[in-house]
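Asks: Sequence:
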Amino acid sequence: MLASAERESWFPLIFDRSVPAEAEAMDELMNDGEVVYIHDMLEAQLKDLVRSRTPSKNYTDDEVAQEIVRLLADQTPQNYGRWAFYPWSRRMVHLLPPDSFIELRSDRNRNKITSEEQARLRKIKIALAGLSVGNAVAVTLALEGVFGELRLADFDTLDLSNMNRIRCAVHHLGLNKAIIAARQIYEQNPYANLVLFTDGVTTDNIGEFIDGTGPGDRADIVIDECDSVQIKLKLREEARARRLPVLMETSDRGMLDIERFDLEPDRPILHGLVGNVTSDQVNTLSPPARLGLVLQIAGLHTISPRLAASLLELNLTLKGFSQLGSDVTLGGATTTTAVRRLALGMPLASGRVYIDVSGQLAEVTSPPLPDLSHPRRLRETAEVRELVQYAIMAPSHGNDQPWRFEYGDGVLRVLHDTERGGGRDEIGRHWALVAIGGALANLQIAAGVKGREANIQLFPPKQDPSLVAEVRFGLRAGGPADDPLFEEIPRRNTNRGLGTRAHLSPVHVQALSAAARDSGAKLQLCTDRALLGELGQLIGEAERLRLLTPTLHGPTMRQIRWSEAEAHDTQDGIRVEALAVTPMDFAAFQLLRSTDVAKVLRDTNGGRLLMMSSVQALASSAAVGLLTIPGQSPTALVRGGQAMQQLWLTASALGVAVHPMNTLIDMFARVERFHGAGFDKREIQRFLEMRERFTRAFTVALADVEILLFRLSYADPAPLRTLRRPVDAVFSVPQPEKKSP
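Everything in the sequence shown is counted per the numbering used here, starting at 7 for the first residue and increasing by one.
These are calculated hints, taken from the structure and not from any lab test.
There could be a bad hint or two in this list.
What the hints assert, rightly or not - Only pairs whose alpha carbons sit at most 27 Å apart, straight line, appear in this in silico DSS-like list of lysine-lysine:
# : residue 1 : residue 2
1 : K118      : K456
2 : K605      : K687
3 : K118      : K63
4 : K131      : K53
5 : K53       : K63
6 : K131      : K118
7 : K118      : K129
This structure is a prediction, so every number in the text was calculated from the model and none was measured.
Start from the sequences and build out the full structure, keeping to the hints where you can.
Replies: Laid out in structure tokens, this is it:
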């Protein structure tokens, strides 16, 4: 072994000098001159161990020395613990025994990872294929101690061009990448349990790579960081057959891919992005076809422009995939976090998450400079303005943003802007109050994170009829809150994309139900496929009638922004591309801009094509939800909006796509609460019949109000986001009136 140590050795020799045979072997090694460096810092380790076990005690040096004597238990320091010899560097290192070493090495993980969780994590087995990007993953897993056994597979050796992303030394050039990673890990923790596959993962050894060599050796998690498309597919085929989760970090836009085959054994490989192509078929494809697979896997519409351009230059001006050390390092962190969540049974859905640091940095904005002539008042105003910036990220009916905010004398007044959307009629106010409730929910979450308490009084007496709430801010007891929903406020959006999975995770059901319940609302979920089909027909019919009814046709069309320029001019409404899921939908919307076309379809009871998008969307859904809240007063509507936003932000945090489909309950409200506004008798009767069909899926008490009907799915990120008017367009600080002398 020593003869080939420089090129091939990858694990240390461990000696316990309390065992005579091992002490003799260690002495022989040293006498033969194989040990070049001796590193003995045992005393410092023992002192650190003593202090870490009782951090509240202020030990004197003498007390520490007494504790060390107790730990040695009559052994000499020379024979205590273990000696680790690293053949590739000829170093001999004196260390604490295994249990104490692991205890002290992981001490600073607490309480981000509890002692119980650390014990669970040290039992899992991970199979990691590919040690370029995978090197950062492997080393980060080892740093946190997030495995009991780690299998490392890579056939390739280190080239100089690899060193822009692999943390290693120039004397490692030409070494196998799996050996490099193993050495790095063992130099952190000589007691680690590693298994190496220096031939990489092949069709011949993939069974051993995943299953190990004996009963109970099967890996718990598979991580794919290899370049071979064939092996990528083969790993997933084998993992799916064994019901094992698969993770993949792409080092582009911080994208982490998660496939929960442990929960969804019938899930299509790579979310269906490669169609029905199998691993056996990959090598029969032409090079352009294989490149097409790579593009599909990376995500045609989600990869960064620079990576997309680089892929098109492969084997022309570039010899390999473009990757950066910063992206790879980030991937080590995100993958390790995902492994920890999987191993500890924390919520983690199948799908893709983007930790796009570059994109987020591009959106950083400078805060306004204060006017030093009135520092305190202006500072308060700037803080409230920032909170309003988060408030207006709430959803609203047709994105009409029916709110105004005025701040003065320490009070933020939240008003219904009756000039927005259908704000002047009863149904318009109905949905405006729900939207304002969502804005207040955002405001409270943001205030808590900023260390403020937002005390909301709804509908103060003897005030402007458009006034919905007054908010007073105080310091929050306990300081700034750690609210995970805060990060979701700017991420939350409407996702009309077709779903990629048929069933809603039970963990997600519990989390969403709790979010509604904690807000005083009730969430009902329909997952029955037959009922989803029925709901698709009902929602589609409601959409058809909304587009064809004369009193609703105009307001609906005014919500649509027909070009990017128009959307940026108004900063509100909904882009037609977001509504038109297919080219046929787009053509239909263009034709329906004409009231004459709508009238002909209405008169002939036509327009069945207008129902198809809803039917298709419901067919691809994991569930349809209905959120209701007790009461029918304006206060109930606002509280319903607050509950809606809490629920939606929770879904966003879980990676569950939300698609509001409120047209149907809007029609029900018009008929049942607002005297059938806009409909003739035949249509009113039609909606009463539809209500009866609707009750097969959902039960609504007469005293409750329906807040949100929505579709839940697991879908790719929405390509378009609705815009918001600038905060200065909705936020003002009225000047106090001057009193007459």
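Asks: Each hint: holds or not?
Replies: Quick rundown of the hints versus the structure:
1. K118 with K456: At roughly 22 Å apart (the allowed maximum being 27 Å), K456 and K118 satisfy the hint.
2. K605 with K687: Given pair K605, K687 holds - Cα atoms ~17 Å apart, limit 27 Å.
3. K118 with K63: Given pair K118, K63 holds - Cα atoms ~22 Å apart, limit 27 Å.
4. K131 with K53: violated, 33 Å
5. K53 with K63: With a Cα-Cα distance of about 13 Å, the restraint between K53 and K63 holds, given a limit of 27 Å.
6. K131 with K118: holds, 21 Å
7. K118 with K129: With Cα atoms ~18 Å apart, K118 and K129 stay inside 27 Å; holds.
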